[in-house]
Structure formats: structure tokens, C-alpha cells
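K.L.:
Given the sequences, and given the hints that come with them, work out the whole structure.
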Amino acid sequence: MSKMVLKTEGDRYVIVTRRFAASPELVFRAHTEPALIQKWLLGPDGWTMPVCVIEPKPGGRIRYEWKDKNGNGFHLTGEVVELNPFSKIVHVERMHLPDPTPDNHIETRFEADGRGTLMTMRMALPNEQARTMMLATGMEHGMEDSYARLEKLL
Amino acid sequence: MQLAEPFEMTQPAISRHLKVLEGARLLTRRVEGTKRPCRLDKKGIKAVEQWLGVLHKALARNYDRLDDVLADLQRTTSKGEPR
Numbered sequence: 000m001s002k003m004v005l006k007t008e009g010d011r012y013v014i015v016t017r018r019f020a021a022s023p024e025l026v027f028r029a030h031t032e033p034a035l036i037q038k039w040l041l042g043p044d045g046w047t048m049p050v051c052v053i054e055p056k057p058g059g060r061i062r063y064e065w066k067d068k069n070g071n072g073f074h075l076t077g078e079v080v081e082l083n084p085f086s087k088i089v090h091v092e093r094m095h096l097p098d099p100t101p102d103n104h105i106e107t108r109f110e111a112d113g114r115g116t117l118m119t120m121r122m123a124l125p126n127e128q129a130r131t132m133m134l135a136t137g138m139e140h141g142m143e144d145s146y147a148r149l150e151k152l153l
Numbered sequence: 000m001q002l003a004e005p006f007e008m009t010q011p012a013i014s015r016h017l018k019v020l021e022g023a024r025l026l027t028r029r030v031e032g033t034k035r036p037c038r039l040d041k042k043g044i045k046a047v048e049q050w051l052g053v054l055h056k057a058l059a060r061n062y063d064r065l066d067d068v069l070a071d072l073q074r075t076t077s078k079g080e081p082r
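Going down the list, the protein sequences come from chains G and R. Under numbering that gives the first Met the number 0, read the first sequence as residues 0 to 153, first letter to last. Under numbering that gives the first Met the number 0, read the second sequence as residues 0 to 82, first letter to last.
These are computed hints drawn from the structure, not numbers from a lab. A quick note: this is a predicted structure, and the numbers were derived from the prediction, not measured. Treat the hints with caution; some may be incorrect.
To be verified - Now the stretches of chain R that chain G is said to cover, found in silico as 3 or more residues with beta-carbon under 8 angstroms:
hint: 1; region: 19-28
hint: 2; region: 44-52
hint: 3; region: 65-72
Backbone N, C-alpha and C fix where the C-beta goes; we use that ideal spot for every residue, glycine too.
P.N.:
This is the structure:
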């Protein structure tokens with residue numbers, strides 16, 4: 000259906016585009032209301048977000064905490080820079096793994112597209128050290144997913 | 000020097016670009032007398048591709064879940080009252 004496209008812009012940025020079958024207002028709300036964010040911003044299967052704080056205003060605080068089923072986890076902190084209902088969110092975020100990754104400046108736009116929404120997210124490509132830290136977490140999760148699938152097959 | 004020839008850029012500008020690539024470990028430079036031969040670092044480039052692959056997978060999974068959240072929201076908002 001609506002496939003996500005991820006591409007690089009130069010060697011510094013990553014651009015993600017995705018269409019949704021809902022209005023920009025609903026897609027914007029799903030990005031700014033904690034009770035909604037906790038339902039989808041989870042990464043690999045089996046993860047939950049027990050703590051989700053986002054103050055939807057410029058300068059507002061962001062804190063997301065994730066946990067897997069074994070109780071392992073990490074958290075992210077950030078600040079809202081600009082908020083333009085229901086078309087644009089600009090925020091800064093860093094993951095604590097547990098050392099903080101460099102601040103990433105992320106711009107997310109929502110445009111009406113027929114009866115749905117086209118979302119465009121632009122973020123900086125993290126440097127090598129940050130990628131390695133994130134990969135160490137992500138790879139672990141990827142492996143776990145593969146084992147879970149293998150178990151289902153056996 | 001050779002690398003600057005095809006571009007309308009000064010030698011110092013080219014050097015700055017190469018330095019950024021080197022800093023990102025996408026390029027390695029050797030010293031051979033007065034020459035500084037460059038080589039693309041395949042390991043560095045592969046690491047970026049691998050990272051983008053992991054990011055793609057995680058985001059795609061999130062947005063598939065978001066589709067379900069939005070479908071639920073639409074059902075509840077069209078009824079006027081949240082469930």
C-alpha cells in the first residue's frame with residue numbers, strides 16, 4: 000500500500016517519506032499526544048514505551064523510555080523547537096545508550112495528499128560513533144526478532 | 000590536484016570536502032612523497048548502508064503500526080465520541 004521511502008540527501012541528511020490514509024490533523028496528533036505515540040513509536044516487536052512525555056509547545060520537553068520484554072531498555076530526551084499544527088514539527092533529540100548521542104535536529108512535515116497525508120521527515124545522518132552505538136542496540140533487537148521468527152517456524 | 004580538475008572548485012575547497020569524507024571514515028588518504036592518493040573506504044560506506052538498513056526496518060515497522068492507530072482514530076472521531 001503506502002510504502003515508506005528512505006533516501007539520503009548529500010552525505011549529511013536522511014529523508015523519509017510515507018503516505019497515510021488519514022488527515023494531517025490525525026497524523027499530527029499521533030505524533031504529539033503521548034497516549035497515541037505509545038501505541039506505535041516502538042521499533043521492533045516486543046518493545047513498549049512505558050514513559051512518554053512531550054510538551055507540545057516551543058521549548059517543550061520530550062522524554063521517551065523504551066523497554067523490551069526482559070526489562071532492558073534505553074531512553075531519549077529532546078526539546079520541541081517549533082510546532083505548527085497540523086503541518087510541521089521541528090525538534091531536537093538525543094538517545095542515551097547510556098552515553099548521549101549527538102543532538103539530532105529533526106523536521107517532520109505533514110501535507111494533505113488527496114484524502115490522506117504525505118509525511119516528510121528530514122534528519123541528520125548521525126556520525127560514525129553514534130551509528131555504532133545505535134547499531135549495537137538495533138542489531139541486538141534484529142537478532143531477537145530473527146530468533147522469534149525461527150521459533151515460530153520450528 | 001587530480002581530483003580538483005573535473006570540478007569548478009578551488010584546491011582548498013576540494014581539500015575541505017575530502018577532509019569531511021575522511022572524518023566520516025568514507026575515504027582514506029596515504030602520503031606518497033608530494034602526492035596524497037585517496038581511496039574510498041568500502042568498510043565505512045558499507046557501515047552507513049547497514050545503519051540505513053536498520054533504520055529503514057525500524058521506521059517501516061513503526062509506520063505500519065501508525066496505520067492501525069490512525070484507522071482506530073478515524074473510527075472513533077467519525078462517531079463523534081471517543082470510545
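K.L.:
Now tell me if each hint is right for this structure.
P.N.:
The hints, checked one at a time:
By the rule of at least three residues with a Cβ nearer than 8 angstroms to a Cβ of chain G, the coverage given for the region 19-28 of chain R holds, with 5 such residues. Closer than 8 angstroms: that is the beta-carbon criterion, and the region 44-52 of chain R has 5 residues meeting it against chain G, so the requirement of 3 holds. Evaluation of the coverage hint for the region 65-72 of chain R: fulfilled, as 7 residues show C-beta separations to chain G shorter than 8 angstroms, against a requirement of three.
Violation of the numbered hints given earlier is absent; every hint is satisfied by the structure.
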